[in-house]
Every structure is written in structure tokens, then in C-alpha cells.
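Undergrad: As a plain string of letters, each chain reads:
Number of protein chains: 2
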Amino acid sequence: MAEYPQAFETIVQTLRRLPGVGRKSAIRYAFGIIGMSEEEVDEFACNLTEARKSLHSCVRCGNICEGDLCPVCLDDNRDGETLCVVEDVRALLALEKADGFNGRYHVLGGTISPLDGRGPEDVNLASLPGRIKNEGVKEVIIATNPTVDGESTALYIARMLKNTGVKVTRIGYGIPAGGDLDYADELTLTRAIDGRKEI
Amino acid sequence: MAEYPQAFETIVQTLRRLPGVGRKSAIRYAFGIIGMSEEEVDEFACNLTEARKSLHSCVRCGNICEGDLCPVCLDDNRDGETLCVVEDVRALLALEKADGFNGRYHVLGGTISPLDGRGPEDVNLASLPGRIKNEGVKEVIIATNPTVDGESTALYIARMLKNTGVKVTRIGYGIPAGGDLDYADELTLTRAIDGRKEI
Numbered sequence: 141m142a143e144y145p146q147a148f149e150t151i152v153q154t155l156r157r158l159p160g161v162g163r164k165s166a167i168r169y170a171f172g173i174i175g176m177s178e179e180e181v182d183e184f185a186c187n188l189t190e191a192r193k194s195l196h197s198c199v200r201c202g203n204i205c206e207g208d209l210c211p212v213c214l215d216d217n218r219d220g221e222t223l224c225v226v227e228d229v230r231a232l233l234a235l236e237k238a239d240g241f242n243g244r245y246h247v248l249g250g251t252i253s254p255l256d257g258r259g260p261e262d263v264n265l266a267s268l269p270g271r272i273k274n275e276g277v278k279e280v281i282i283a284t285n286p287t288v289d290g291e292s293t294a295l296y297i298a299r300m301l302k303n304t305g306v307k308v309t310r311i312g313y314g315i316p317a318g319g320d321l322d323y324a325d326e327l328t329l330t331r332a333i334d335g336r337k338e339i
Numbered sequence: 141m142a143e144y145p146q147a148f149e150t151i152v153q154t155l156r157r158l159p160g161v162g163r164k165s166a167i168r169y170a171f172g173i174i175g176m177s178e179e180e181v182d183e184f185a186c187n188l189t190e191a192r193k194s195l196h197s198c199v200r201c202g203n204i205c206e207g208d209l210c211p212v213c214l215d216d217n218r219d220g221e222t223l224c225v226v227e228d229v230r231a232l233l234a235l236e237k238a239d240g241f242n243g244r245y246h247v248l249g250g251t252i253s254p255l256d257g258r259g260p261e262d263v264n265l266a267s268l269p270g271r272i273k274n275e276g277v278k279e280v281i282i283a284t285n286p287t288v289d290g291e292s293t294a295l296y297i298a299r300m301l302k303n304t305g306v307k308v309t310r311i312g313y314g315i316p317a318g319g320d321l322d323y324a325d326e327l328t329l330t331r332a333i334d335g336r337k338e339i
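If you read the protein sequences in the order shown, they are chains L and W.
Position in the first sequence (first residue = 1) + 140 = my numbering.
Position in the second sequence (first residue = 1) + 140 = my numbering.
Chain L with its partners taken away, still in its complex shape:
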């Protein structure tokens, strides 16, 4: 029996659905699962399903939350005139942790990528013009990732908002804090020079 029992394979294949989990990790986790009692696995599974059921996308910005609106949208102390467009909730949470932005967010839930067949209708963009108008937004900061898809998405949004009168900006490019010029790639260095500021 060089193979695992069928039910064990089911556990392995199920765990492989988690992002970044290959077969070896899935097998390690599966041994963790069979090391638990049936009751513990029931609780493990129940925690996941129950918690997933109580999490929704904020109806306004797309952030994850347990109610209709997320804490950022509910917070009256946030600057409603600045809207930061991010690819996903992960980026939103990274910016929240950095604590350097006090506006609100708009989560796209992906990028526009014609090569992968993802058009503007596949991301959360339809509600953006309405939000800008209704919430009195003065500036939209496009904070998609500096990747090919992120850049083309930024460009698309900038064009889309061209005639709305709102100021559209892109997050700054350059050398990351603590980084070393010696190790930075050429594009980053060129962008850092272009993005220089008077001191």
C-alpha cells in the first residue's frame, strides 16, 4: 500500500484548495487533521463555515465585514473626500495597518487583464462614478499593485474618471523604506529618480 487510503486523499485534495498549498504541505496538514478527534474536526469545520457565513463584502466599498457596512465606511472621522482604489482586501488591510491614510476605500476585487480575459466588467468598477458623486469625493488615489495588470487597471480607471472633474492620482513609486539602491531593479530606480522630491 504505497498509496494513502481514499479518505485520506480526499482530505489532501481538499486542503490543496487553500492558496499556495502544494501536495507536500497538504499531506502534512492532513496528518494534522487525522491527529484530531472527530469532534475536533467537526469544530474545525464548523468554525470555518460559520465564520464564512458571517463575513460579507461591505455594500459600499467591498471591504470584508460582518454587517452591511465596514468599519471604515461607518467611521465618521474618515475623510470622505479621498478615495483609495485597491485591488483587494489584503491591500486595504496593509494600508490600514500602515496607518498613513485617513480616507475611504474602493475594493476592485481583482484587476483588468485583457490577456487573461478579465475586462472592466469583471471588477467592482460600476459603482465608482456613483460613489464619487454621492460621497463628494475630490481625489481618487489609485493604489493597484505596480504590476502589468495593476498598471493597466490604473490607466483604465484614470481614463474612465477623466471627465468627472475628480483629481486622480497614483501611489508613489520608488525605493522601499529600508531598501538598498544596490539591489533595486532598474525600473524601480528610474521611477525613484522620476519621483524625486525637493527636501
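Quick caveat, the hints were computed from the structure, so don't treat them as lab data.
All values reported here derive from a predicted model rather than from experimental measurement.
Misleading hints may appear alongside valid ones.
One copy or two, it doesn't matter: identical chains are merged, so the pair holds either way.
To be verified - With a Cα cut of at most 27 Å, we get these calculated BS3-like pairs of lysine-lysine:
| hint | residue 1 | residue 2 |
| --- | --- | --- |
| 1 | 237 | 307 |
| 2 | 307 | 337 |
| 3 | 278 | 237 |
| 4 | 237 | 164 |
| 5 | 302 | 193 |
| 6 | 193 | 164 |
| 7 | 278 | 302 |
| 8 | 307 | 164 |
| 9 | 193 | 337 |
| 10 | 193 | 273 |
| 11 | 337 | 278 |
Here the structure of chain L is known, so what remains is to put chain W in place on it, guided by the hints.
TA: Below, chain W without anything else, positioned relative to chain L:
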């Protein structure tokens, strides 16, 4: 909101119960979970609980299986006179994959470790003398890991079986296949010299 919603934290904490999963991995997996629909998470959770329910320990050797006896114990072509004692099912499956052993197994389900408060009664040893007698075992190969706990467990078992008349052996120590003497530690090298064989 620099913190995640409570339900998201529940998912993160739940996934951290998997072996070797730290907070960062758990957060990545949690985003995978919330990226699934409720139905997909239900199916994910159900797969785990159902598969766990159908997996048991083989009543004879402790291997995992779906019935009462595992495929190794059920296989009449296996050599019943040789019994290989392993720490866990992972070790058993590694030996099965290597395909170099045709006897049966005895899975301890752990090691004896007085320092960590695990005595002989905490591993699956009580049934071993009975198995040796009933199954006509002539040789017991102790294949616990070459760690401090594995060695002391091997020693304990060897002493326990001293007067049963059965031949007790320990798996060979030495340089692993494809290994480099230059990188081997001193203990491994000393053991490799001690374990030399005439060619």
C-alpha cells in the same frame, strides 16, 4: 480598523491549528476561504469531517485505514515473521513508498520521552508482546527516528523484548543516498564508519 473582523480572526485561528501553520500562512489561507462561496466552504468543511469519520487506526498495527484492518495487515503476501516498529503513520508510508520492506508494521503513535512526561503507557506498546506471540514474529526491526526520543524508545523496546526470544534489530545508520560526506555531521560519519560492510 487595523484589525480583521472577528469572524475572519476565527478563520485564521482555526487554520493555525494545522501543523506548521503560522499566522502569516493562516491569513493567506483565510483569504482563500473567504474567496470561496458559502457553498464551497460548506463542501470544503464537509469533505474534511466526512473523510475524517471514515478513517480509523488499524486495530492490529495502528496504520490508518478505512476498515478494521489496514491493507498491509490484510495482505497475505506480506512476511508475517518480520515486524517493523515505527513512530507514526508517516514513517510507515515512507517505508512503503521505498518498497524495500515486505513485513508488517507496528505503529507506536509517538515516542517515549521522560523529559516531556511521555512514558511507555503513552505509546502503542501494550499489544506488541501479544502480536509477536500470536503472529509468530521472528524479528522486530525498530525503525524509530534517530533522534534522542527515538533512540530511547528503541532502547526501551529492545529491553522489553529481551526475554521473548525474538531477534531485535535497529535500522541502519549512515550516510544517506546521494549525500555528501563533506556535509554530514560528526555523529552520522562515526555511525557510518561503525556500520561499514564488506563489499
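Undergrad: Would you mind marking each hint as holding or not holding in the structure?
TA: We went through each hint and held it up to the structure:
Taking CA atoms no more than 27 Å apart as the test, residue 237 paired with residue 307 passes inside one copy only; the shortest distance there is 25 Å, against 63 Å between copies. In this assembly of identical chains, the alpha carbons of residue 307 and residue 337 lie at most 27 Å apart only when taken from the same copy (20 Å versus 80 Å across copies). Within a single copy, residue 278 and residue 237 get their C-alpha atoms as close as 24 Å, which meets the 27 Å cut-off; across copies the closest is 64 Å, which misses it. Taking the closest pair of Cα atoms, residue 237 and residue 164 come within 27 Å of each other only across two copies (14 Å); inside a single copy the shortest separation is 32 Å, beyond that limit.
When the C-alpha separation of residue 302 and residue 193 is checked against a cutoff of 27 Å, the pair qualifies neither within a copy, at 39 Å, nor between copies, at 59 Å. Taking CA atoms no more than 27 Å apart as the test, residue 193 paired with residue 164 passes between copies only; the shortest distance there is 22 Å, against 30 Å inside one copy. Proximity of residue 278 to residue 302 under the C-alpha cut-off of 27 Å is restricted to the intra-copy arrangement: shortest distance 13 Å within a copy versus 85 Å between copies. Taking identical chains as interchangeable, the C-alpha atoms of residue 307 and residue 164 are never at most 27 Å apart, the minima being 49 Å within one chain and 36 Å between chains.
Taking the closest pair of Cα atoms, residue 193 and residue 337 never come within 27 Å of each other, the shortest separation being 47 Å inside a single copy and 63 Å across copies. Taking the shortest Cα distances, residue 193 and residue 273 never come within 27 Å of each other, neither inside one copy (32 Å) nor across copies (55 Å). In the homo-oligomer, the alpha carbons of residue 337 and residue 278 lie at most 27 Å apart inside one protomer (23 Å), although the nearest pairing across protomers, at 81 Å, exceeds that limit.
In summary, the structure is inconsistent with hints 5, 8, 9, 10 from the numbered list given earlier, while agreeing with the others.
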